[in-house]
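Visitor: Please put together the full structure from these sequences, using the hints given.
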Amino acid sequence: MTTSDVLGRLRRGAGHLRWFWNGVVGADAYERYVAHLRRNHPDCEVPTERQFWRDKYEDMERNPKTRCC
Amino acid sequence: MSVATPVEGKVRNDPDLPPIAVNESPQMTGKTKIYLAVCAVLAALGWVMIALVRGEEVNSRWFVFAAVGSYLIALRLYAKYIERKILQPDDRRATPAEKFDNGKDFMPTDRRVLYGHHFAAISGAGPLVGPVLAAQMGYLPGTLWIIFGVIFAGAVQDYMVLHFSMRRNGRSLGQMARDELGPIGGWAAIIGVLTIMIILIAVLGVVMIGALAESSWATFSIALTIPIAIFMGIYLRFLRPGKVNEVSIIGVILLVLAIISGKYVADSSFGHYFILTPLALGIALMIYGFAASVLPVWLLLAPRDYLSTFMKVGTIVLLAVGIVAVGPTVQMPDVSAFASNGKGPAFAGSLFPFLFITIACGAISGFHALISSGTTPKLIEKERQARIIGYGGMLTESFVAIMALVAATILDQHLYFGMNAPAALTGGTPEKAAAYTNGLNLVAQNGTPLPAVDPTMFSQAAKDVGENSIVSRTGGAPTLAMGMAEVMHRVPILSIVGNKAFWYHFAVMFEALFILTTIDAGTRVARFMFSDFLGALGRGLKNEGLQKFADPSWRVGAWLCSFVVVLGWGGLLIMGVTDPLGGIRTLFPLFGIANQLLACIALCVVFGIVVRSGKARYAWIPGVPLVFLLIVTQTASFQKIFSSDPTIGYWALHDRAVAAKAAGNVTFGGAKTMDDLDKIIRNTVIQETLSVLYAGLVLIVFLTTLWVCWRAIQQHTAETAESPIEQSRIFAPAAFVPTPLEQEVLEEWKAAGLDPTPIRAHH
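Sequences listed follow chains G and E, in order.
1 is the number of the first residue of the first sequence in the working numbering; add one for each residue after it.
1 is the number of the first residue of the second sequence in the working numbering; add one for each residue after it.
Read the hints as simulated data drawn from the structure, not as lab findings.
Please note: incorrect hints may appear among the correct ones.
What the hints assert, rightly or not - Here are the simulated DSS-like cross-link-like pairs (lysine-lysine), alpha carbons at most 27 Å apart as the crow flies:
{"no.": "1", "chain 1": "E", "residue 1": "Lys80", "chain 2": "E", "residue 2": "Lys31"}
{"no.": "2", "chain 1": "E", "residue 1": "Lys99", "chain 2": "E", "residue 2": "Lys10"}
{"no.": "3", "chain 1": "E", "residue 1": "Lys85", "chain 2": "E", "residue 2": "Lys10"}
{"no.": "4", "chain 1": "E", "residue 1": "Lys343", "chain 2": "E", "residue 2": "Lys661"}
{"no.": "5", "chain 1": "E", "residue 1": "Lys104", "chain 2": "G", "residue 2": "Lys65"}
{"no.": "6", "chain 1": "G", "residue 1": "Lys65", "chain 2": "E", "residue 2": "Lys548"}
{"no.": "7", "chain 1": "G", "residue 1": "Lys65", "chain 2": "E", "residue 2": "Lys243"}
{"no.": "8", "chain 1": "E", "residue 1": "Lys432", "chain 2": "E", "residue 2": "Lys343"}
{"no.": "9", "chain 1": "E", "residue 1": "Lys343", "chain 2": "E", "residue 2": "Lys679"}
{"no.": "10", "chain 1": "E", "residue 1": "Lys99", "chain 2": "G", "residue 2": "Lys65"}
What the hints assert, rightly or not - Far from chain E, some chain G residues (derived; all Cβ distances over 10 Å):
{"no.": "11", "residue": "Thr2"}
{"no.": "12", "residue": "Thr3"}
{"no.": "13", "residue": "Arg11"}
{"no.": "14", "residue": "Ala14"}
{"no.": "15", "residue": "Pro42"}
{"no.": "16", "residue": "Glu45"}
Source: prediction; values computed, not measured.
Where a beta carbon is used, it is the ideal one built from N, C-alpha and C, also for glycine.
Guide: Written out as structure tokens, the structure reads:
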């Protein structure tokens with residue numbers, strides 16, 4: 001295995017870890033929502049990232065999620 | 001009802017799409033057999049070392065072996081058995097996430113990500129505190145209950161609730177109770193959930209105050225988390241929206257700085273401003289709870305939640321690595337004298353039923369049913385994934401409990417009992433504490449008496465962690481922090497980051513963050529439940545004023561409901577922290593009972609569904625844990641109400657306190673003044689009322705369940721409130737690693753140029 005192979009593997013590993021972590025904390029919510037709109041509602045207007053997060057927190061205001069003890 | 005035919009192969013429901021499900025052969029492959037054999041050897045080795053081999057000190061690594069080995073076997077065998085016999089998931093059916101995909105709260109989510117997400121939502125301070133208190137009975141009873149309890153009760157509950165909620169469009173536990181058990185059972189369940197939540201918040205608050213009281217270092221650094229969270233909220237709203245990881249890393253760095261600076265603040269001339277009494281901290285916590293539940297989510301709650309997730313996952317991983325790397329020796333005996341004599345200082349009562357009450361989360365936690373219904377089922381891609389997410393997620397939580405138990409049992413026994421006995425027993429000073437623990441006749445694992453300790457042991461231990469005193473720091477959190485600090489400061493790389501004092505305060509911070517997050521979120525959820533309840537009551541009574549509460553955007557109503565909820569838990573909290581006999585000792589059993597009763601409600605709902613859907617033959621699967629927990633909780637409630645021993649029974653204590661007051665004897669028990677006596681008299685009445693209320697509510701739910709089941713059996717009907725079937729159009733493997741057959745299907749999707757599931761936004 002060459003050094004570039006190892007580096008490539010490390011980079012892919014780090015990419016997977018980042019993808020996993022973003023999913024767990026919900027950091028990828030905007031990207032996923034945009035992907036969802038493009039796929040299912042191509043004519044819908046895509047909100048800006050700022051607007052999306054405002055709406056998301058607005059939503060959390062109305063539908064609180066519990067955390068466990 | 002359609003049951004997937006157990007023929008091996010790929011299943012299509014649309015000729016234009018690659019397969020959307022697989023039928024695996026029920027026969028185990030050679031690989032699986034080898035895997036199970038390795039797990040069995042691992043588990044057997046662990047169990048032999050901790051349960052059978054005597055005369056030598058037990059290394060804590062064996063606990064990891066026994067736990068992980070047993071979990072993996074249970075996940076493969078028992079969870080699969082439940083899957084095959086009762087739940088019968090069908091991957092041809094679209095899950096709510098697929099049906100209602102809106103890119104937000106309903107959305108197919110990768111199984112590995114969802115597992116992490118679910119775990120982050122179910123894990124909290126509960127599994128960390130209970131095992132620490134239970135360690136007073138020795139390491140073996142707690143270990144057995146945590147591991148076997150999760151396999152046969154806790155994980156079963158979480159898995160089944162998740163599955164049934166998923167089949168009902170992600171309905172909540174309360175809604176399912178109403179659908180399946182009818183209005184009476186449903187209402188009792190809803191009132192039960194609401195009141196139980198209030199007691200949970202109160203007890204967690206008492207635990208946190210136990211770690212902060214009289215400690216300027218801890219109080220200062222925890223107080224700083226509020227401005228840090230607000231800063232993160234503003235950053236996310238105005239500066240860089242959506243950069244969650246970036247801001248969380250900044251937040252964690254600020255947290256570490258807060259911990260480090262805490263030491264200097266504590267040593268400074270103004271450090272004494274942060275030494276607060278438990279009462280002052282209780283009032284501060286109430287004000288905070290109210291503010292957090294009415295302030296906008298983005299300002300405080302959401303950023304704190306990110307911070308807490310980071311700390312939670314990070315610290316748990318660090319602790320696991322630390323225990324495996326350091327392998328500290330367990331100091332506690334396997335079974336201590338307190339297991340049978342019921343006179344333990346951390347909590348009173350004998351092993352049965354009180355061990356099963358004290359370790360609630362970690363073995364079985366009713367609270368999880370609220371997450372497993374409602375939140376997670378709206379995100380799951382395929383029905384068969386519920387096993388690793390529901391059952392597997394709970395196994396991970398149980399592992400956290402095992403680590404907490406290890407952290408407590410590796411401490412010197414004198415130190416453990418000196419920290420966990422209330423001040424009424426230890427006298428609060430190193431001299432009296434040493435005299436107290438020396439008088440406990442503690443024995444080592446081989447049965448020889450432990451040598452007596454000098455008071456300097458307690459003052460030195462306090463100095464090592466940068467505290468003024470560690471005597472009677474009850475509540476479990478300080479003990480856990482002590483155990484974690486003991487492990488962390490011996491791990492090579494972590495020891496460079498900080499000394500024992502740093503890791504102690506890091507651990508306190510980590511627990512306090514959990515608890516504050518639960519208080520924030522719990523108050524808000526309880527407020528919504530309360531206003532929903534009032535609104536529904538208004539509809540029932542045709543009262544327009546009450547009906548207005550159903551509208552969540554009505555600010556006055558929101559404020560009023562928040563106020564009532566905070567007053568509810570705040571009252572209990574103040575009662576706990578000012579209790580002359582030590583709040584944890586009196587309130588923790590109530591917390592455990594409440595949580596286990598919630599589990600009873602969840603298991604009742606599950607049991608009812610199983611019987612009503614015509615699978616009464618397998619109703620023992622939720623039935624056995626249900627009956628066991630009912631016996632445990634009702635026995636505990638009965639003892640708490642009727643026991644003539646004043647350390648256990650509320651009435652007995654109440655009567656003696658009244659008699660002592662009448663006789664003018666103010667030095668009764670832990671009381672020192674007439675005021676203390678009045679507190680005991682009042683607190684016992686409140687605790688008594690709550691015990692009777694909870695036990696009664698659960699009995700109502702249980703009896704309605706039996707009635708509903710009996711009727712279903714009489715009428716030979718198989719009816720459920722499942723939502724109609726819709727065909728799935730996506731594919732994803734069931735477990736973390738795809739099977740060869742699943743791999744083939746994934747290749748087919750790839751060859752067709754299609755995404756098997758819309759889970760990846762980028763990549």
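Visitor: Identify every previously stated hint that the structure contradicts and give their numbers, smallest first.
Guide: Violated hints: none at all, because every hint is consistent with the structure.
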